[in-house]
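Note that the protein sequences, when read in sequence, are chains A, B and C.
Counted from 1, the first sequence has number 172 at position 171 by the numbering used here; the numbering is strictly sequential.
Counted from 1, the second sequence has number 187 at position 152 by the numbering used here; the numbering is strictly sequential.
Counted from 1, the third sequence has number 87 at position 52 by the numbering used here; the numbering is strictly sequential.
Just so you know, these hints were derived from the structure itself, not from any lab.
Worth double-checking, as some hints may not be accurate.
As the list claims (entries may be wrong) - Part of the chain B face toward chain A, derived, beta carbon under 8 Å:
#1 Cys51
#2 Arg52
#3 Gln99
#4 Leu122
#5 Leu127
#6 Leu130
#7 Ala131
#8 Ala134
#9 Arg162
#10 Leu189
#11 Pro199
We put the beta carbon where it would ideally sit given N, CA and C, even for glycine.
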Amino acid sequence: MTATEFIALPEAPTIALGAGPGFVVELEAFSGPLDLLLHLLREEQLEIADIPIARIADQFLRAVHELGLNQAADYLDMASRLVRLKAQMLLPRKVDEDGWEDPRAELVRRLLEYQQIREVAVWLGRAAERRAEQFARGYLPPAPALPPPPLTLSLIDLLSAIDRVIVGIPSPVLHKVVARPLDVESATRRIEDLLAGQEQIRWFDALGSGATIADVLSTLLALLELARRGSLRLLQPTPFSPMVIARESPRPAA
Amino acid sequence: MNPLAQLLEAALFSACRPITAEELATLDPDASAAGVRVALEQLREHYDFNQHGVELVEMAGGYQILTRPVYAAAIERAQFTVRTPKLTAATLETLAVIAYRQPVGRLEIEEIRGVSAGGVLRSLQERSLIEVVGRSEALGRPLLYGTTALFLELLGLRDLIDLPKAEELTIALRPHRATSEGSDDAAAYVEAES
Amino acid sequence: MNPLAQLLEAALFSACRPITAEELATLDPDASAAGVRVALEQLREHYDFNQHGVELVEMAGGYQILTRPVYAAAIERAQFTVRTPKLTAATLETLAVIAYRQPVGRLEIEEIRGVSAGGVLRSLQERSLIEVVGRSEALGRPLLYGTTALFLELLGLRDLIDLPKAEELTIALRPHRATSEGSDDAAAYVEAES
Chain A
2 MTATEFIALP
12 EAPTIALGAG
22 PGFVVELEAF
32 SGPLDLLLHL
42 LREEQLEIAD
52 IPIARIADQF
62 LRAVHELGLN
72 QAADYLDMAS
82 RLVRLKAQML
92 LPRKVDEDGW
102 EDPRAELVRR
112 LLEYQQIREV
122 AVWLGRAAER
132 RAEQFARGYL
142 PPAPALPPPP
152 LTLSLIDLLS
162 AIDRVIVGIP
172 SPVLHKVVAR
182 PLDVESATRR
192 IEDLLAGQEQ
202 IRWFDALGSG
212 ATIADVLSTL
222 LALLELARRG
232 SLRLLQPTPF
242 SPMVIARESP
252 RPAA
Chain B
36 MNPLAQLLEA
46 ALFSACRPIT
56 AEELATLDPD
66 ASAAGVRVAL
76 EQLREHYDFN
86 QHGVELVEMA
96 GGYQILTRPV
106 YAAAIERAQF
116 TVRTPKLTAA
126 TLETLAVIAY
136 RQPVGRLEIE
146 EIRGVSAGGV
156 LRSLQERSLI
166 EVVGRSEALG
176 RPLLYGTTAL
186 FLELLGLRDL
196 IDLPKAEELT
206 IALRPHRATS
216 EGSDDAAAYV
226 EAES
Chain C
36 MNPLAQLLEA
46 ALFSACRPIT
56 AEELATLDPD
66 ASAAGVRVAL
76 EQLREHYDFN
86 QHGVELVEMA
96 GGYQILTRPV
106 YAAAIERAQF
116 TVRTPKLTAA
126 TLETLAVIAY
136 RQPVGRLEIE
146 EIRGVSAGGV
156 LRSLQERSLI
166 EVVGRSEALG
176 RPLLYGTTAL
186 FLELLGLRDL
196 IDLPKAEELT
206 IALRPHRATS
216 EGSDDAAAYV
226 EAES
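For reference, chain A alone in the conformation it holds in the complex:
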């Protein structure tokens, strides 16, 4: 089973961690990094108050990677916190040192708090389901021709509206900064076209003539991306020698 195969398990998602080749999980099963963390702790039957940080940090990183959550900033943020904690826990400290604050305290506090909220959320969900079992009157006859009731407008409503508008504003509208945009796509195409014709090209071939700074950056990003995908190899035969860009025969997708 590969990481791309997901089975919907709405109530209690089970993750085969470590033992199996990958995860069986519904992405939507997690509402955030704290949720994933709680899940890992539960799976391993670990106490929140005494988290083995090293172990749980590794598992979290693996889960984030295998669930394809690498794109989600919130998960990455938590991952970096865990890695930092792991490092802090490794720092030596005197046995009888007073005033030593467990670096995990903040995380433990957040997890407990989040667990409470989860409990309330479950309660709310049940209440909403019970309520959904009862229907209000459906059919309403057309409204009588009465003068419309007076208009209501409150400052609170207006504030809410402003809030919504602000959330939706893409950027300050006063200034339109037109940056020279990076065009990684075109650079990628150019490199791919070149490599289709010949086994190896040089950095200057990839760049083309009359390259601007934006072009140089675009080409560099395109090369790095193609190398990451395994479409090409970047070689430098000797120190300071020109970079050689070599075609890579396509591998079967992982």
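Following the hints, position chains B and C against chain A.
Using the frame of chain A, we list chains B and C on its own:
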């Protein structure tokens, strides 16, 4: 009431339209057409005999539970059926933009909200919440909108400066005219439009 | 049923939201608050005693007639109406934070849930389940959110106090700021944690 009559009452109450006897029969696989008729009759009699405020009405080939006409006047006066006409989200958002950016043109409003604003602007004008306050210097000399006295009245504000300040909001909005120096602001404004 | 109970039944039938006792009292200039209460009680008893398919429910500070839960499945199968869709985990968690911590700002919500909250907050506001209730004194004066009457309606709650109490939860909730003294609160919280 027999169990089928109870089920029919619940169904008729919750339905979004009049329901025919045939449709009602689908509620209970064990119910016969005759059974549904009997249950409907029982429901009607129950409402009449116990002097309920509602009655079972047959119309347009279907059944509905309706309030008795005698109560219509009192209910209409109380206006429970219509929610107080709150402004829609789109209207409020447009109004919010105008309140903070006035005088402001349609283009800027549309740019901020990301949707066309023609209809909403018209309806806000019809409700006398906004009015045309001038024309921009920009190409085509577009109309500029501002809020009205009624707008302040509905919000219970004495003046526009009673609105929460831009800098108090999450993201600083452009300060409105009343709080800033005319010349600088105007300069910034022309810039924004071009 | 007495005449007032009939009028109230008709009015409640014609409304599609909970109606408060005060609103109901406006239906009849001669009705006292006590009279309305008695009539509502009579109506509730009549529905229960005669085993109607509907019942009188007290909710969100008002009264509403709703179908009994036992008929939901049959009515849905017959497609006379549809059930409200389930709320997502993200929505429920955000509502939980706001319900217990209100008035609460976006930052605190995001801190507790560990994820950004902009999208969920916007959608909750659009559905009128939460509203802006003020602004914090903190830096940037961020907007503070609270739950609405529609939130109570959606959950079938009479009041916010129907929410589970801190001591009813497996883990004691930190009492929210408005109701407790800072220092005691912090001490109590640390205790609950250990």
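A quick look at each hint next to the structure:
Annotation: interface hint on B:Cys51 holds; nearest CB of chain A at approximately 4 Å, less than 8 Å. The restraint placing B:Arg52 at the interface with chain A holds, with a minimum CB-CB distance near 6 Å, inside the 8 Å limit. Contact between B:Gln99 and chain A, as hinted, is supported at the beta carbon level, the nearest pair being about 6 Å apart and thus within 8 Å. At about 6 Å, the closest approach between the beta carbon of B:Leu122 and any beta carbon in chain A falls short of 8 Å, and the interface hint on this residue holds.
Checking B:Leu127 against chain A: minimum C-beta separation of about 4 Å stays under 8 Å; hint holds. Checking B:Leu130 against chain A: minimum C-beta separation of about 7 Å stays under 8 Å; hint holds. Among the interface hints, the one on B:Ala131 holds; its C-beta lies about 4 Å from the nearest C-beta in chain A, closer than the 8 Å criterion. The interface hint given for B:Ala134 is met, as the beta carbon of that residue sits about 7 Å from the closest beta carbon of chain A, less than 8 Å.
Hint status for B:Arg162: holds, given a least beta-carbon distance of 7 Å to chain A, under 8 Å. The criterion of a C-beta within 8 Å of any C-beta in chain A is met by B:Leu189, whose closest approach is roughly 4 Å, and the hint holds. Taken as an interface hint, B:Pro199 checks out: its beta carbon lies about 7 Å from the nearest beta carbon of chain A, inside 8 Å.
In this structure, every one of the numbered hints holds.
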